[in-house]
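Q: Chain by chain, the residues run as shown.
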Amino acid sequence: MSSSVLHQVLASERGRFNQKFLEARHTHPELKGAAFKAVLEEVLTPLMAALEAADRAAAAQVVEPLYDLTLELTCRSLLGPDPRYPAVMRGWQSLLPELGRFILTDPRRLAGAITNALYNLAQVEGTRPDDWMMRLRAAAPYCASPDELLRAGQVMAWQAGMAHYRSSALKACEQLQPGLARSLLVLPQHVDLKAALLRLRNDPWWDPAAPPLPAPALKMERRVGAFRGFGGEFLTPPRVVAGDGFFQVQEREEKWALFADIYGAVLRRLPPAEAAPAHPAAAQAGPVLKNGVITWQNQSLPLPELNAASSWAASEHTLVAASPLSHALWVVAVKR
Amino acid sequence: MTPDKIPYQHISASPTNPLRQQNRVDFDVASLYEGPVANVETRPEDETALDEKLRQAYFWIVNHAVISPHYDIEYHNGPFASFTFGDSKTQVRLPSAQSYSSFVLMPLLNFAVRRRCLLVGGPGRGKTSSAVLMGLLAGYSLKEVRRGMQHGQPQMTISDLLGNPLPADLVNAQKMEDIRISWRKWLGMRVKIIDEYNRIPTRTQSALLTVMGDNYAEILDHVYECPEAAWYLTANDDAGGGTYPVIEALRDRIDIVVKALPFNTRFLNDLLERIETGVRPEEVVPAHIIFTVAELERLNREILTLELPVAVRRRLEFFAAQFEFCEPAAELMEYQSKDTLKLSGQPYHQVTAGESGRDRLKDIGVQTQNGLSVRSLMTVMVFAKALAYFRGNGSVSLEDLRQIIPFVLHDKLTPDPDAPFFEAPGQGLYRIDRIGWIRRLFDLACAEYDRLDMDNADPLTELESEFALGLSGLNEAAVRARLVKIERLLGEWSKGRKLYGSLAEDILKLKYLHQRYTNYLAWLQTSGSRP
Numbered sequence: 001m002s003s004s005v006l007h008q009v010l011a012s013e014r015g016r017f018n019q020k021f022l023e024a025r026h027t028h029p030e031l032k033g034a035a036f037k038a039v040l041e042e043v044l045t046p047l048m049a050a051l052e053a054a055d056r057a058a059a060a061q062v063v064e065p066l067y068d069l070t071l072e073l074t075c076r077s078l079l080g081p082d083p084r085y086p087a088v089m090r091g092w093q094s095l096l097p098e099l100g101r102f103i104l105t106d107p108r109r110l111a112g113a114i115t116n117a118l119y120n121l122a123q124v125e126g127t128r129p130d131d132w133m134m135r136l137r138a139a140a141p142y143c144a145s146p147d148e149l150l151r152a153g154q155v156m157a158w159q160a161g162m163a164h165y166r167s168s169a170l171k172a173c174e175q176l177q178p179g180l181a182r183s184l185l186v187l188p189q190h191v192d193l194k195a196a197l198l199r200l201r202n203d204p205w206w207d208p209a210a211p212p213l214p215a216p217a218l219k220m221e222r223r224v225g226a227f228r229g230f231g232g233e234f235l236t237p238p239r240v241v242a243g244d245g246f247f248q249v250q251e252r253e254e255k256w257a258l259f260a261d262i263y264g265a266v267l268r269r270l271p272p273a274e275a276a277p278a279h280p281a282a283a284q285a286g287p288v289l290k291n292g293v294i295t296w297q298n299q300s301l302p303l304p305e306l307n308a309a310s311s312w313a314a315s316e317h318t319l320v321a322a323s324p325l326s327h328a329l330w331v332v333a334v335k336r
Numbered sequence: 001m002t003p004d005k006i007p008y009q010h011i012s013a014s015p016t017n018p019l020r021q022q023n024r025v026d027f028d029v030a031s032l033y034e035g036p037v038a039n040v041e042t043r044p045e046d047e048t049a050l051d052e053k054l055r056q057a058y059f060w061i062v063n064h065a066v067i068s069p070h071y072d073i074e075y076h077n078g079p080f081a082s083f084t085f086g087d088s089k090t091q092v093r094l095p096s097a098q099s100y101s102s103f104v105l106m107p108l109l110n111f112a113v114r115r116r117c118l119l120v121g122g123p124g125r126g127k128t129s130s131a132v133l134m135g136l137l138a139g140y141s142l143k144e145v146r147r148g149m150q151h152g153q154p155q156m157t158i159s160d161l162l163g164n165p166l167p168a169d170l171v172n173a174q175k176m177e178d179i180r181i182s183w184r185k186w187l188g189m190r191v192k193i194i195d196e197y198n199r200i201p202t203r204t205q206s207a208l209l210t211v212m213g214d215n216y217a218e219i220l221d222h223v224y225e226c227p228e229a230a231w232y233l234t235a236n237d238d239a240g241g242g243t244y245p246v247i248e249a250l251r252d253r254i255d256i257v258v259k260a261l262p263f264n265t266r267f268l269n270d271l272l273e274r275i276e277t278g279v280r281p282e283e284v285v286p287a288h289i290i291f292t293v294a295e296l297e298r299l300n301r302e303i304l305t306l307e308l309p310v311a312v313r314r315r316l317e318f319f320a321a322q323f324e325f326c327e328p329a330a331e332l333m334e335y336q337s338k339d340t341l342k343l344s345g346q347p348y349h350q351v352t353a354g355e356s357g358r359d360r361l362k363d364i365g366v367q368t369q370n371g372l373s374v375r376s377l378m379t380v381m382v383f384a385k386a387l388a389y390f391r392g393n394g395s396v397s398l399e400d401l402r403q404i405i406p407f408v409l410h411d412k413l414t415p416d417p418d419a420p421f422f423e424a425p426g427q428g429l430y431r432i433d434r435i436g437w438i439r440r441l442f443d444l445a446c447a448e449y450d451r452l453d454m455d456n457a458d459p460l461t462e463l464e465s466e467f468a469l470g471l472s473g474l475n476e477a478a479v480r481a482r483l484v485k486i487e488r489l490l491g492e493w494s495k496g497r498k499l500y501g502s503l504a505e506d507i508l509k510l511k512y513l514h515q516r517y518t519n520y521l522a523w524l525q526t527s528g529s530r531p
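Going down the list, the protein sequences come from chains R and V.
End of the first sequence sits at 336 in this note's numbering; the numbers just go up one at a time, nothing left out.
End of the second sequence sits at 531 in this note's numbering; the numbers just go up one at a time, nothing left out.
Next up, chain R with everything else stripped away, as it sits in the complex:
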């Protein structure tokens, strides 16, 4: 694939573009000419070809901001032959060419925002950046403006596993056109959007896209956290207490917030000042752990690994337990 616009603009001001590269290398001596050449060929050229196909005249105007941005990202090893986060590279190669009309309007903002989003998604363990890209690509034709596209991206980031964004993503969802919001939440026709948003706010385990359950049930949803030596978060087995809006996890002197919902589970480090006061282990209507069995109303879920649980905490919807024999935390959901 080639882009005549890119070729023309670069050729017409070759000296200046080369100067930019030299200046960038001054700040980042590790920048290699070959790496940036590869980015120009494998990232910028296909992107410009797509933009050129959409609007040739406008495409010429965005060459320089995109050149600058690709240079900046190459300096930071986010683009290039061996990128720090391959998802960012994939985003530039497969997602940005599909967002042509938005990129042409505001190239740095859009491409920068998508880059940052992919960077953030790639940094959080357990998220699904490729799902996010696929869904954003699918939603783009239904978005009226770059702002709407980015807002939809926020909702999708939560759905791609950024559970800590849940509350603010639901607020963002309220600001979308109802049709787009329904589509992002995969709401069946008969479900009212407002009612769905309310339920999502109150029940972290409700999946709007799933058929209704015949009866509430306890379900072992996932295990979160791992030994730091294997790329996880903890050096020693953590302990858990209830916090405000999230579960508070303590490991040695470090405190973490655990967010878990139907779309994912995320551990975020807390500075000491942010640590919420510990609450009683069990919420009044929540599940209870005793002798390796989790009980809630008339349901029970045996989890023998938790026979000697070091600590556990529960909200109305979720129970999180820790074992002295493991660096992971067990997340059990009350699915209604």
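It should be emphasised that the hints constitute simulated quantities derived from the structure, not laboratory data.
What you are looking at is a predicted structure, and each value in this text was computed from that prediction instead of being measured.
Glycine residues also receive a C-beta, built at the ideal position from the N, C-alpha and C atoms.
Watch out, some of these pointers could steer you wrong.
[As the list claims (entries may be wrong)] Using C-beta positions, here's what the derived DEER-type ranges look like:
| hint | chain 1 | residue 1 | chain 2 | residue 2 | range |
| --- | --- | --- | --- | --- | --- |
| 1 | R | Thr27 | V | His70 | 14 to 20 Å |
| 2 | V | Val293 | R | Phe230 | 51 to 57 Å |
| 3 | V | Gly394 | R | Leu22 | 40 to 46 Å |
[To be verified] Just some of the chain V residues that point at chain R, by a computed CB distance under 8 Å:
| hint | residue |
| --- | --- |
| 4 | Val29 |
| 5 | Ala30 |
| 6 | Glu34 |
| 7 | Pro36 |
| 8 | Asn63 |
Based on these hints, arrange chain V on the given structure of chain R.
A: Just chain V, lined up with the frame of chain R:
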């Protein structure tokens, strides 16, 4: 050049201080689009984080404009490596947290708090360039900044500095109000630069003092009210070696002194690149780091409202209390100050030689010939808040205070070079190194504070907190109990404790509390209202 074709536009990506990022938990989905690519999401004006913008300005200056690869404002986060060099056992510490160059940071903090900064150092070290950059950050064009800069020179008149009456009005006017004044444009600028201020004649310095001190200019009964501004004065020599001696009141108005650090020749390549590219950084300041008037106002407001915790404030109180006290200067403790001695015109050493009983090596008050003014203490607190704000913290830390004090008190504390402290082995260099000396003074004061366990065992804490609750509703018995408590404490202290500056201030505070309770007691007894 269109904005996107200008070189040196790279701004450090947020967060410029990752420590700050650790200190807050951002669960807002808006942060999804914040990351390595800076400034892609525009937030409403009132949501822009100005501390981040200030840091971006700092990093732009050190990366592109002023080659100052120094980290003399050291911060540590946990253990750090340290190496010793040379016969003088010079320590080089490798900071384990984000550290800064004072030559860039202090002028920037001055810009944020709109005070008066003196840049000193030999010619060609970037003093004026640094001041010019501050003008550019305030949104002025390079041309405006250069035209607004006042160049000190021996023939500078008050008219040169402030403006002229219009000649036609001088001839035709029947009364003073009829004379219109053509005020100099720089008076209305939010960044004011006086280059080589120690070359200004004494009379013109007095006119400058009014503008600097009181923020207005006056010619022929006409007054020009200047806006709040950050001042930058430069001098090649801070020891008063200019063409004219700097009047003391003008020196006293200077809030912070910054020394130009020497150029590190290992960075010659950066200079070479500037020559080859022909780019002058001051001509290409990125729009993103320029502050609007509203932002400057907000920046100042946010800094001033930052918390100075009691524990940190107490350290400052203890430190400042050491210097003013001078026992042989008067009979009454209220007058036992170095200021009394200075006003008397008596030779300092002749009077202080009579002091006895105190450990002159341990008493850090002996090291100075003066105490601290209210103005300098206020300036210390303002700049400490500015430094904490710049670092993205919600309150001032002890280290912020420790780092800022030497620069603010640089010209405020006059050392006594004959003090025993400077005679001790290895400490003679503090006669030359004013920054190092003041920092050492603060460290010594803190060590003494810790030795006395003042954080936990300050006898005044309880009395002050009781008093802070107010007198209203106190009955006679309670007031008498408090009076007894004060008298008992003073009685204990009078039994053989040596009189140091901090103790003298504590005694006077107790006297103050005693008097307030005594007056209240008298009121209770006479008014007949005895709750």
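Q: The structure should be examined with respect to each hint, and the outcome stated for every one.
A: A quick look at each hint next to the structure:
Taking 14 to 20 Å as the suggested C-beta distance range, the pair threonine 27 of chain R and histidine 70 of chain V conforms, at roughly 19 Å. One distance hint, 51 to 57 Å for the beta-carbon pair valine 293 of chain V and phenylalanine 230 of chain R, holds here, with the actual separation near 54 Å. Our hint of 40 to 46 Å for glycine 394 of chain V and leucine 22 of chain R holds, since their Cβ atoms are close to 42 Å apart. Evaluation of the valine 29 of chain V hint against chain R yields a held restraint, the C-beta minimum of about 4 Å falling below 8 Å.
With a least beta-carbon distance of about 7 Å to chain R, the hint placing alanine 30 of chain V at the interface is held under the 8 Å criterion. Interface hint status for glutamate 34 of chain V: upheld, as the beta-carbon distance to the closest one in chain R is roughly 6 Å, under 8 Å. Look at proline 36 of chain V: its Cβ gets to within about 5 Å of chain R, closer than 8 Å, so that hint holds up. With its C-beta approaching chain R no nearer than about 7 Å, asparagine 63 of chain V sits inside the 8 Å limit, and its interface hint holds.
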